[in-house]
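What follows is each chain in one-letter form.
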Amino acid sequence: MSAYKRLSIRQKQIVWAWLFLAIPTLFYGLIRFYPTGTAFVISFQDWNLLGERTWTGLSNYQKLWNDPVFWKVFRNTFAYLIIGTPVSLVISFVIAYHLDKTRFMHGFLRMLYFLPFMTSAVAMAWVWRWFYQPVPIGLFNNFLASAGIPQIAFLNSTTNALPAVLAPAVWAGLGFQVIIFMAGLRAIPGSYYEAAKIDGVGWWTVLTRITLPLLKPTIVFIVVFSSIGFLRIFDHVFNMTTNNPGGPLNATKPLVLMIYETAFSSFDMGYAAAQTVVLFLILLLVSLLQLWILKGDNS
Amino acid sequence: MSRYMKRMALSGLTALATLFGSSAMAVEIEYWQYFFDARVDAMEQLIEKFEEANPDITVKMTHFPYADYRTKVAAAIPAGEGPDVVQLFYGWLNDYIEAGLIQPLPQDAFDPAVIDAEFFPMVQAMKRDGSYYALPTAVRSLALFYNTRLFDEAGIENPPATLDELVETAKKLAKVDGAGNLTQVGITTGMTAQDHHWWREVLVRQFGGDPYSDDYKTVNYTGDAGLDALNFYVGLEKDHKVTQSGFMDEPQAAFKGGRAGMHIDGSFRIGSLNKVRGLKWGVAELPAGPDGTKSNYSSYWVNGITTKAEGEKYDAAVKFLQYLTSDEAMQLWLDVVGELPAKPSVGLIEENASDPTFGPFIKGLEYANTTKFANESAQRQAMVDMVARIDIEGQDPAESLAAAAAEEQKVLDEYYKK
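Protein chains in written order, with the numbering used here: chain A, 1 to 299; chain B, 1001 to 1418.
There's no promise every hint is true.
[Stated by the list, open to error] Partial pick of chain A residues on the chain B-facing surface, computed with a CB cut under 8 Å:
1) 6
2) 244
3) 266
Note that these hints are calculated values from the structure, not bench results. By construction, the Cβ of each residue, glycine as well, lies at the ideal position given by its N, Cα and C atoms.
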């Protein structure tokens, strides 16, 4: 106690700051960093959840490198990212841009767009799964068949399945992105637009020279946020393909689903942990890259 | 501070001692299983009867969602916690033995020779080096479900008894719309459901093969029998056009929806089919092969004694397991859960064997095989992909079969090399 009394006020403040910070630090250390660290350790081990853990060195990573399913899954994961992010970005911007100009039933429309974001992904995935079924139950194919058009194999196809699974995921995230875009649009000072109007500039120039450049921070945020989301896509895929998870022929399997299956149906925890480490590195890389772009913009 | 801690620890010890002291007379053992309504209900009734007969033993049942089950068991037993008697899937036996979670059943109470003679033959998969490690109360097998209303409508009198009849019957049941899209299938197909068992243990054998050699460690279906079986299976969709994989999403959904004439499934489906209003269905034995060969696939959950059980708890656990594998327990399990008795002495009594619903399943047990899976989901995936490559990518069946065999062999090698 006496040691504390001898401290200066500034030092006392530091002690207290550390004391308060200790709680979240401990909490994070315990529930975030400790398991993360354990995952790194397990990735160098062989463990089936039941027996002893044995050290296997880099063999899990070697297996991963030589696993054709992993590379297929790797490509799928980036396909979700590369298709999903730009598509959702463009659609949500177009909606936000026009919604921002609409006064009639503005609140109601905004609510309609936001609703899917609040809906449970599981329920949504199952409804879309039903939409995609072949005749006689699927909504889309029944419609096609009644118009005399041949059926489309949405989910039972190696080429159509990934976009079919991605569509509801994009739709579900749209509401959130629209709201963020609208906030970004509102934050642009009206004086720029007034000045442009006085100068008699066309809408295209206004869009490309004023709106989009000033929206850059918003766009970067949405890109970072949605790309992490697409890299970690799981619930839509899993629920739309539960009978053959990530199928057919691994056409829709993302990395997270592969990790889940390796860990909890093959009980190969070491291999699953190695996949997790790879996913972690990918996410880290993508996030750093995007933060670097964001930083370059601000300076 | 430290004195306070000491006092705390001391009082804790005293409390523990009192606890153990009071339970010294009556033994309490713990039983674990995964949560499934009917199973928990049946087990509660069994425990009640067992405790009545053995007043000095109490059994505490704990159940978990299926998803957490394995993790919890694995964490608890090595720590000296958890169950004395534990339920596990037959396919996990190797893992449980290797991890030291269960111990062999004592030879005096569970004489291997007696068990060999009394139980259905596939239960012998639970024997290692001459001792049994676990025993089932109930088993499951496959049979052919058929929609009696659709049969009447198509003027079909009896369910098919052979594979040829199966194709002919299915042709009469399938319906297409004007554009040629199937709106009702003759028989459901889908390797993701029970068909991979039907193909592996039934069709391959019926076409003259033996799906595995070397005690299920080597894939053996690459020959003509495997190819014939595969051609028959994919032919249902490709040549005869009586089915479509993924029709109405899931085979059982199509059957429940009354859009499928026939459906191969396990005895565990009976309960949920009973709940479907307006669906009239019957059960028949699986159709016999071209040369009359009958086969079936059986799977089961078993109970074993954990390595945690010692001393008087061990004795109580043995008694409890003896009760769980008694004729009385098996009959109760059949009545409550609808799973089939593991002994012919219960299963094949007149009342059960001639039961219109359970009968075909029980008859199937006499010639059933049990696949010793190394990793059931990965081995199933090989079958699913085998059919998908033919179905979606138009691959030649022989090539696809070879690829599936290689894939499955890799899974087996990886498992057994340790």
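Taking the hints in turn, this is what the structure says about them:
1. 6: violated (24 Å)
2. 244: holds (5 Å)
3. 266: OK, holds: residue 266/A within 8 Å of chain B, min 5 Å.
When the structure is compared with the earlier hints, a violation turns up for hint 1 alone.
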